[in-house]
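**Student:** Letter by letter, the chains look like this.
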Amino acid sequence: MSDFQEALLFERLKHHLPTQAALKDFVHHNPLHSFQEMEFFKAIFSASKIFGIKPTFSMNEYRRLHQAGRIDSEVIERIIRQEKGGDDVDAWQEKLLRRGYPHVYEPKVGRLRSRWNAELKCSLEDRVQPLLFRIICSYLDQGISLWPFPFEDQGVVEAVRKIEKNSFASFFRSKRARKLLLDGEASMQDLLKIVVGREELYEQYLFDQQFSHKGWSGIINAIEDQPETLFYQKKIDLRGFIMLELLLEIDAIDQELGEGWKPLGERSGVIPEDYFEEIPLGEMEEVLKLWQLAFEWSYYDEVLAGVGYLNKLKRRPHDNQKSFQAVFCVDDRECSIRRYFEEVDPNCETYGAPGFFGVSIYFQPFGGKFFEKNCPVPITPKHVIQELEAKTPHGSVPFHDKHSHTFFRGLWCSLSLGLTSGARMILDLFRPTMRADIADAFAHMDINGKLHIECDDPEQKINGVQAGYTVPEMADVVEGILRGIGLISDFAEMVYIVAHGSSSANNPHHGAHDCGACSGRPGAPNARVFAHMANHPRVREILKGREIDIPESTHFLPAMHDTASDEIGYYDRIQLSEKGRENHKANLVNIEKALDLNAKERARRFASIDVNQDIRKIRRAIKKRSHSYFEPRPELGHGTNALCFIGARHRLKGLFLDRRAFLQSYDYQQDPEGEVLANVLAPLPGVCGGINLEYYFSRMDIEKMGAGTKLPHNVVGLIGVANSSDGDLRPGLPLQMIENHDPVRLLMLVEHRPEVVLRILKASPENCEWFSKGWLHLVVSSPDDGELYHFKDGGFQPYEPLAQVSTVDDITNTIHSHPKMRSNHILDATRENIPVHVYDGSSRKTELTK
Amino acid sequence: MELLISILVVAPILALLVGFCFSNHQEKPIFSSAITGVGVNFVVALTVLVLWLQGGMESVFVKGPVLYYAKETEFALSFFLDGYGLSYILLSTFLTGIIILFSRTYLHREKGFKRFFNILKFFYCGLMVLLLAGNLEILFVGWEIIGVTSFFLISFYRERYLPVKNAVKVVSLYRVADISMLLGIWVCHHYFGRSLNFGELNGLHNAQPHIMAHGFYEFFIPATFLLAAMVKSAQVPFSSWLPRAMEGPTTSSAIFYGSLSVHIGVFLLIRTSPLWEDNSAFRWLVGGVGLVTCFSTTLIGRVQSTIKTQIAYSSVAQIGLMFIEVAMGFYGFAIIHFVCNALFRSHQLLVSPSVLNYQIHNQFFHFSKPAGQGTAGLWNKVKLSCYSLGVQEFRLDRFMFQSFWRPLKKAGNFFTFLGTQNTYILALPPFLIGVYAAYHKAVVPESILKFLPEGFALVGLVFILKAFVERRSALNAWVLIVVNQLYQSLAFSFNEEFDMSQVYLYLSGISVSAFIGIWVLNRMRNNGEDISLAKFHGHSYEYPRLAFLFVFACLGLAGFPITPTFIGEDLMLGHIHENQFPLLILIVLNLIMDGLVIFRIYSRLFLGPHEKGYHETAYRSS
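Respectively, the protein sequence lines represent chains P and L.
Quick note: the first sequence uses our numbering, first residue 1, plus one each step.
Quick note: the second sequence uses our numbering, first residue 1001, plus one each step.
Hints may contain errors.
What the hints assert, rightly or not - DSSO-like cross-link-like pairs, simulated, lysine-lysine; straight-line CA separation at most 27 angstroms:
1) P:Lys42 with L:Lys1612
2) L:Lys1369 with P:Lys461
3) L:Lys1612 with L:Lys1535
4) P:Lys235 with L:Lys1383
5) L:Lys1111 with P:Lys820
6) P:Lys175 with L:Lys1410
7) P:Lys234 with P:Lys402
8) P:Lys95 with P:Lys289
9) L:Lys1612 with P:Lys49
10) P:Lys262 with L:Lys1410
11) P:Lys624 with L:Lys1114
12) P:Lys235 with L:Lys1381
13) P:Lys289 with L:Lys1612
14) L:Lys1383 with P:Lys179
15) L:Lys1383 with P:Lys402
16) L:Lys1111 with P:Lys624
17) L:Lys1383 with P:Lys165
18) L:Lys1383 with P:Lys175
19) L:Lys1383 with P:Lys162
20) P:Lys175 with L:Lys1409
21) P:Lys382 with P:Lys544
Unchecked claim - Computed from the model, here is a short list of chain P residues facing chain L with C-beta under 8 angstroms:
22) Ser58
23) Gln142
24) Ser145
25) Leu146
26) Lys369
27) His713
28) Asn723
29) Asp728
30) Arg730
31) Ser823
Please keep in mind that the hints were generated in silico from the structure rather than gathered at the bench.
Beta carbons: idealized from backbone N, C-alpha and C, even for Gly.
Chain P with its partners taken away, still in its complex shape (with noise of 0.2 angstroms):
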């Protein structure tokens, strides 16, 4: 085998593996996305051929969902008839409805490494995988283990090789496996020689090899490429850590066999197969196809039948003295409290934009040795923000002491410590309080700490970046996300720009519950930045010129929604004048209505909460799952996400959308062009469609594309989490996470004029790929006509939405009425998600002018 095509081996199997970093840096994105380039059915039909992963329901599920009435009988007939043609209407409906088709599991990569097992008599992977896993465990471990592993700078075969040659004991069995690591000079080739033979196998071999520990393969790969995602680095490559597993492959084989083996390429009966060749889908494959398009578009019509009908109202905003205004994330657990902020408040105005507010940095909290991203992973920050002082200290917990394992200060801890431990886990079970251990979204960045934000001297670098933003750059900022949100005018005396994270405890994926545009952590950093920025005279001065107008009694202040425990904390508070702060004074009785309205509309899902009993209650039980150790759910993070609208928030008031919308704040009037737009856009289907993906995969196969249960989960070298003492690392989402999302892809719902959205799509094929593709779907509102345009086959076509909207006047009592999931079985879980309303509450009736 050549260099090249080792390289393009090398290419491919990175390009397979899962790229989830440590899970500090825990951050959405498609599971599948080696597979991208393919069209999305088709794409996850061979994932699950090749890797026996289950992408949609079974025909079963799907039938039974049918029985329930979740899928509609008439959209049914509908995607028969889009996709099949009209001739074969009954045909089709009878393979939907009733046919039999045999399921057969084969996944292809396995097939070949599994040989050994016959021939050793035993499982090779038993053999090799437990000692594979604690040493390359111990290698990266980031600071469990009492003793470091030694050498960790000089690459993990280097390592091993000089612990073996200079330590009495050794890792291997036999000679030969001990003297090729000794000798140093076995490249991978030689290695795969003894083990595979033919080269054409190499391949297949090391997919088999990889893949039956997806996990540990999948995080090397994402160290090799993103170092610092570990503070204490090491070095690591992919390369070195297939060449020790081989290595311990000889050894074990060796111990079965003697050295005279036959590599496993020249035994009888093995013939080379290409895992990747292009895989014809069956009928069965096909009906699968049609019943999850049904299951998706029976959701997605009624929130466009929605949509459509409120177009038809022709509302427009009302022009009342603003209250104060808000920018939140796009996220979408905001969507009910911005629906609460309104509702509270009438004359409030709500906006969204991704959560790091433009505002790409480093943050370095006061006494931090590293710096922390808190902006999309694609963008690499070209400026640091330095926190220059912190009051409040950081607590520690004996219980985490490492010291308490070993023997003496063991004998010690548990004498001194034991009685304690009995007190303490009574009071963490009855009045459970935050502690240091427990991951506090507030405690990210002290409160009333000072952050550097204004750059003195930009050549100035640290680390290579420049500390603080200059005014110019400021301005740009500020401009940037304005012009995004449409704000550029008629500004109230108070714009609270909110950030959110989240507090949960005994929970190692708390970075999945934070801020997605921030890389997983809570975006108050960039909220308190980008104040200051709007906030700044010079800032004010440069963007008069460019037609936004800030007043000057105009005050912009941070805050951050914690979203597990529904409180909003404020920052720069000090930075009021005498009038702001009386004005804040009033607007936080609001704040905390809506917080209490939120709070309870979130309780409905949680079975420890009973929502009858006092607001106060509810929000104290919702405020304490966020820091009880027992709580394995202290909130629900993004599940049911299904859709991002893109346009003016007053176009869906009315519409009740149940927590599932990413809600991103656009003008297009004025924007007639699209050039905002495009800018708006471009973010939009990495963030929402990752987070989205993720979500569905792990959905559909909780054990292979998630993490499991993460009941059983066990903390591995501060970088992940697997199930067991010999267990492989499992990325993906925990079973907990995602038990109430129904799987369905991304709707984004843009407003715009289709001919405007189109030109936008052609100009960026990157983009345009997640929806030509069918990764995400895309449907635009058209403010012309009210009209409806579905993009399909690289065009817009109008869409006649089919169902009823369902309307009620009471949207509360909907929801608080709503039935509970029983198990969290697909059938049950449905059901606790509310169907879209139009609800019309009283001060929604004064806008609605017909």
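Based on these hints, arrange chain L on the given structure of chain P.
**Tutor:** Only chain L this time, still in chain P's reference frame:
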């Protein structure tokens, strides 16, 4: 006091029975029944504590009804309570309560919610029986319950491969401990000539007149209990099972393997201490085991890079120290140490998922790169050797495989030349002759009769070894176990102390279990399911009820104390004489193998990844 003590045992049993009545989604009643049972016990235990303190801290013995009586053995339901037992009871009730409260929310909507609570309650029952046991037989009942519940908790996620594999691994070791206990009971019967009450246990005195080799018994009797304690408390060389047992939900790991189950060896040693207290050489042995464990598990613990295994090893190191304390005679201190360590490690395990957030945060503010490791000089070489050995857990896991499973496999494979049909054909005639001869002993010449028990036990062993390596059909393996049991009873029948009623007692449980098992297996086969033993099938996904039924058959066949078989087993063992060591060893091997084969059949058929793959199944390595 008597009443209170019986409540301590009865309340958890009632709670368990009530718990069976609900279905999985009725989380509230399942939880309430559990917490009520444990809550009642907690109040009762506190009352007992007060009474006990008032009564001058005297130990209490409650003679219960005699379940079975024969010449020199009686099987009485009696209880014994002293300070050590009471501390353990209070702690376990407290911790079980905490874990139940914690799990109520933690396990919400889990597929095995009901199963978890039932296992936990059953475990607690077993613990109460063990801690209150008035004699070795009752203690053994509790001991067995704890072993079996361990198996079910480790394999709680039964649809994945590793939990099932590890559960079988752990339970096989437990089987060794169980049989070691049985041996201990047997040898005590012989030594004292009657069943021992803990109330009157005061050392190895009053031996039967025919006991000659005192020096031997002084070691042999306590050694059986020490071995059992070492296995259960994960002392070297058995330590490697403990981290592998951390497969269930975090809460179950916290209570089982962080605290209550793993410290039981210390309790057993204290309970049986009168048998070895005067033997200073044996005390050195106990202390030595502890010391070796302290040393090696501390080293292993230092290099553990996953949080739960680290807690496991550091806990074992402390238990090693408790062994030393017990050897030195500081029982009181050992119990205090146990209480503190159990609470501390349980808590550490419960909050172990937080370690990621906490330590990363720490690292963020305080990280300094460790100094590089040198290679020169002897000290560095020793350090690196320790590192390498520690990462490999001193090869203990491999050692267990090589020295335990592999020889058995090899022995079994030695008989592959016997085909299935041949085996049956060969098995039948000797058996029939044997049965005939058992009833008409006069026809057999004396010289042959002498060797017949050993002979039949040996033949039985061949069958069970064959069952152990059987890969094609579970039914075959099952029948082979039954054949083995029949041969064992034949062996007993020819032993001179022949009492047919005891054999009937033994066979009564076995026959029922055997038939249930055969019925279940036949039913599966007729449904077209694969019942080979070559791999895990995970049939419990489709046949949860049959799986549940089969568990009972397995427990019955394995002599688990739910059928009279257990008493029969105990009695028949009692008829082996101290000069019949070959027979004893054969029978012990038979019993160990029975257990292994039965657990193997159950887990291969009903546990593991479901082979049909029409729903989500986990990767083998996850």
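**Student:** Would you mind marking each hint as holding or not holding in the structure?
**Tutor:** Hint check results:
1. Distance hint between lysine 42 of chain P and lysine 1612 of chain L is fulfilled; the C-alpha atoms sit about 23 angstroms from each other, no more than 27 angstroms.
2. For a cut-off of 27 angstroms, the pair hint linking lysine 1369 of chain L to lysine 461 of chain P stands: about 24 angstroms separates their Cα positions.
3. For the proposed pair lysine 1612 of chain L and lysine 1535 of chain L, the alpha carbon gap of about 13 angstroms is at most 27 angstroms, so the pair holds.
4. This hinted pair checks out: lysine 235 of chain P and lysine 1383 of chain L have alpha carbons roughly 22 angstroms apart, not beyond 27 angstroms.
5. The suggested pairing of lysine 1111 of chain L with lysine 820 of chain P holds, with an alpha-carbon distance near 17 angstroms, which does not exceed 27 angstroms.
6. Between the alpha carbons of lysine 175 of chain P and lysine 1410 of chain L the distance comes to roughly 24 angstroms, so the proposed pair stays at or under 27 angstroms and holds.
7. Taken as a hint, the lysine 234 of chain P and lysine 402 of chain P pair is honoured in the structure, with Cα atoms around 21 angstroms apart against an allowance of 27 angstroms.
8. Between lysine 95 of chain P and lysine 289 of chain P the CA atoms are separated by roughly 12 angstroms; this keeps the pair inside 27 angstroms, and the hint holds.
9. Only pairs whose Cα atoms come within 27 angstroms are accepted, and lysine 1612 of chain L paired with lysine 49 of chain P is accepted, the gap being roughly 15 angstroms.
10. Distance check on the hinted pair: lysine 262 of chain P and lysine 1410 of chain L sit about 24 angstroms apart at the alpha-carbon level, within 27 angstroms; holds.
11. Restraint check for lysine 624 of chain P and lysine 1114 of chain L: satisfied, since their Cα atoms lie roughly 26 angstroms apart, inside the 27 angstroms limit.
12. The hinted pair formed by lysine 235 of chain P and lysine 1381 of chain L meets the criterion: a straight-line CA distance of about 23 angstroms does not exceed 27 angstroms.
13. In summary, the hint linking lysine 289 of chain P to lysine 1612 of chain L is supported, as the alpha carbons are separated by about 22 angstroms, within the 27 angstroms threshold.
14. Proximity of lysine 1383 of chain L to lysine 179 of chain P is assessed by CA-CA distance (about 22 angstroms); at most 27 angstroms being required, the pair is judged to hold.
15. Between lysine 1383 of chain L and lysine 402 of chain P the CA atoms are separated by roughly 19 angstroms; this keeps the pair inside 27 angstroms, and the hint holds.
16. Taking the CA atoms of lysine 1111 of chain L and lysine 624 of chain P, the gap is near 25 angstroms; set against the 27 angstroms cutoff, the hint holds.
17. With a C-alpha separation of about 13 angstroms, the suggested pairing of lysine 1383 of chain L with lysine 165 of chain P holds against the 27 angstroms cut-off.
18. For the hint linking lysine 1383 of chain L to lysine 175 of chain P, the alpha-carbon distance of about 23 angstroms falls within 27 angstroms, and the restraint holds.
19. For the proposed pair lysine 1383 of chain L and lysine 162 of chain P, the alpha carbon gap of about 13 angstroms is at most 27 angstroms, so the pair holds.
20. Only pairs whose Cα atoms come within 27 angstroms are accepted, and lysine 175 of chain P paired with lysine 1409 of chain L is accepted, the gap being roughly 26 angstroms.
21. Only pairs whose Cα atoms come within 27 angstroms are accepted, and lysine 382 of chain P paired with lysine 544 of chain P is accepted, the gap being roughly 26 angstroms.
22. About 6 angstroms separates the beta-carbon of serine 58 of chain P from the nearest beta-carbon of chain L, less than 8 angstroms, and the hint is met.
23. The interface hint given for glutamine 142 of chain P is met, as the beta carbon of that residue sits about 6 angstroms from the closest beta carbon of chain L, less than 8 angstroms.
24. The beta carbon of serine 145 of chain P is positioned within 8 angstroms of a beta carbon in chain L (closest approach about 5 angstroms), and the interface hint is therefore held.
25. Against a cut-off of 8 angstroms between C-beta atoms, the interface hint on leucine 146 of chain P holds, since the closest Cβ of chain L lies about 4 angstroms away.
26. At about 5 angstroms, the closest approach between the beta carbon of lysine 369 of chain P and any beta carbon in chain L falls short of 8 angstroms, and the interface hint on this residue holds.
27. For histidine 713 of chain P, the suggested interface contact is upheld, since its CB lies about 6 angstroms from the closest CB of chain L, less than 8 angstroms.
28. At its closest, the beta carbon of asparagine 723 of chain P sits 6 angstroms from a beta carbon of chain L; the interface hint therefore holds under the 8 angstroms criterion.
29. The restraint placing aspartate 728 of chain P at the interface with chain L holds, with a minimum CB-CB distance near 4 angstroms, inside the 8 angstroms limit.
30. Evaluation of the arginine 730 of chain P hint against chain L yields a held restraint, the C-beta minimum of about 6 angstroms falling below 8 angstroms.
31. For serine 823 of chain P, the interface hint holds, the least distance from its beta-carbon to any beta-carbon of chain L being 6 angstroms, beneath 8 angstroms.
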